[in-house]
Amino acid sequence: MDGPIFVIGIHRCGGTFWHNLLVTRPGLLRLGEPRFMGAPRQRDFRYFLKTEGLDLRVDADVEKMVELCFAKKNRPGLETSFWRFENLPAMDYAGLKKEVLRRLKASDRSLGAVARVIIEEMVRGSGQERACVRFPVDIEYLPELISWFPNCRIMHLTRDPRAMAMSKTNDPTGTAVRIAQHPRLAWLIRKAMVFFIISEYRKFARYHRRYQHLENYRLFRYEDLLAHPEKTLMEVCDFVGCAYSPDMLEPERGAHEHQPSSLTGQRHKGFDPSIALRWQKLISRLDRWTIDLLTGGSMRALKYDPKIHPIFRLSAKPPQEPRLAHV
Numbered sequence: 001m002d003g004p005i006f007v008i009g010i011h012r013c014g015g016t017f018w019h020n021l022l023v024t025r026p027g028l029l030r031l032g033e034p035r036f037m038g039a040p041r042q043r044d045f046r047y048f049l050k051t052e053g054l055d056l057r058v059d060a061d062v063e064k065m066v067e068l069c070f071a072k073k074n075r076p077g078l079e080t081s082f083w084r085f086e087n088l089p090a091m092d093y094a095g096l097k098k099e100v101l102r103r104l105k106a107s108d109r110s111l112g113a114v115a116r117v118i119i120e121e122m123v124r125g126s127g128q129e130r131a132c133v134r135f136p137v138d139i140e141y142l143p144e145l146i147s148w149f150p151n152c153r154i155m156h157l158t159r160d161p162r163a164m165a166m167s168k169t170n171d172p173t174g175t176a177v178r179i180a181q182h183p184r185l186a187w188l189i190r191k192a193m194v195f196f197i198i199s200e201y202r203k204f205a206r207y208h209r210r211y212q213h214l215e216n217y218r219l220f221r222y223e224d225l226l227a228h229p230e231k232t233l234m235e236v237c238d239f240v241g242c243a244y245s246p247d248m249l250e251p252e253r254g255a256h257e258h259q260p261s262s263l264t265g266q267r268h269k270g271f272d273p274s275i276a277l278r279w280q281k282l283i284s285r286l287d288r289w290t291i292d293l294l295t296g297g298s299m300r301a302l303k304y305d306p307k308i309h310p311i312f313r314l315s316a317k318p319p320q321e322p323r324l325a326h327v
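Residue 116 in the numbering used here sits at position 116 of the sequence shown; the count goes up by one each step and never skips.
Derived by calculation from the structure, the hints in this document are not laboratory data.
What follows is a set of in silico ranges between Cβ atoms, one per label pair, in the way DEER data are often shown:
#1 F195 with P26: 41 to 49 Å
#2 R285 with K73: 43 to 51 Å
#3 A192 with G127: 41 to 49 Å
#4 H213 with D305: 20 to 28 Å
#5 Q280 with A192: 17 to 25 Å
#6 I308 with R75: 47 to 55 Å
#7 A180 with Q280: 24 to 32 Å
#8 P310 with H213: 23 to 31 Å
#9 M1 with R285: 46 to 54 Å
#10 R288 with K203: 18 to 26 Å
Distance condition first, Cα-Cα at most 25 Å in a straight line; then the derived SDA-like pairs of lysine to any residue:
#11 K98 with G32
#12 K97 with G53
#13 K191 with R288
#14 K307 with S199
#15 K73 with G95
#16 K73 with G125
#17 K203 with D305
All values derive from a computational prediction rather than experimental measurement.
No residue lacks a Cβ here, since even glycine has one placed at the ideal position from N, Cα and C.
Taking the hints into account, I'd like the entire structure generated from these sequences.
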């Protein structure tokens, strides 16, 4: 079995779009966020093991863990799409659980063994060749992820921090919910989201400096994808070891639903460069000045120069008509 492809990035970086493009390639199984090791604020798989009181050295606890993992119910630490098995309708869950349990009991029962066995058996049970997994761990745990899957490929996705900040402050499933709960704190909540993105962007830039020398790690920018989709997708396919095909330039034909924009509420499937700059209509002068000031060094580390990037020139042109599906 080929090594999995792991997509790493800050939320609102365009990860769903990238993920959907990748899984148009034959043999790839699309898997959501397992969150095996998350940031301190997140309830990850370790949190699940702790709150359930599971000791994987004990056979009975391994059996209980497998039952809970495949119960398709939201439990603390198992609250992401990965654990709802949304893209695996034809899976033989009885056979899958049996094989996962057998392999785990024969393993060293570490967290890495759990991740490796579950992902590999999901791929095998789906009749695919390899997995494409979104946000499996927080970026600070990349060394652990590579030790679990030495032959994996890690795509670090990034985007203009000003775009992510505006997307985050308008997030209908996150920020909007908090504001609805605390309407008097709306201004503070939105500012907190701006500083959250600044902090995350700076953190991801630090870890990029640390990991950029790794052979199985590569940085990809959302703005590059929208400005030069064919060139960027060919680079992606070359890195992950998939065959490029021109049909990747027609994402509207894909089977997976694209995440709606938090700025417009619409689902954008095509490569419209103007999408990358819609944040400009929403951002205040203060927010723009603050983000520019606090992320300038990180932008340089991530090789993104907003003064000369072609997306700012291309977005001024009227968008092209979407490609029509071939009949």
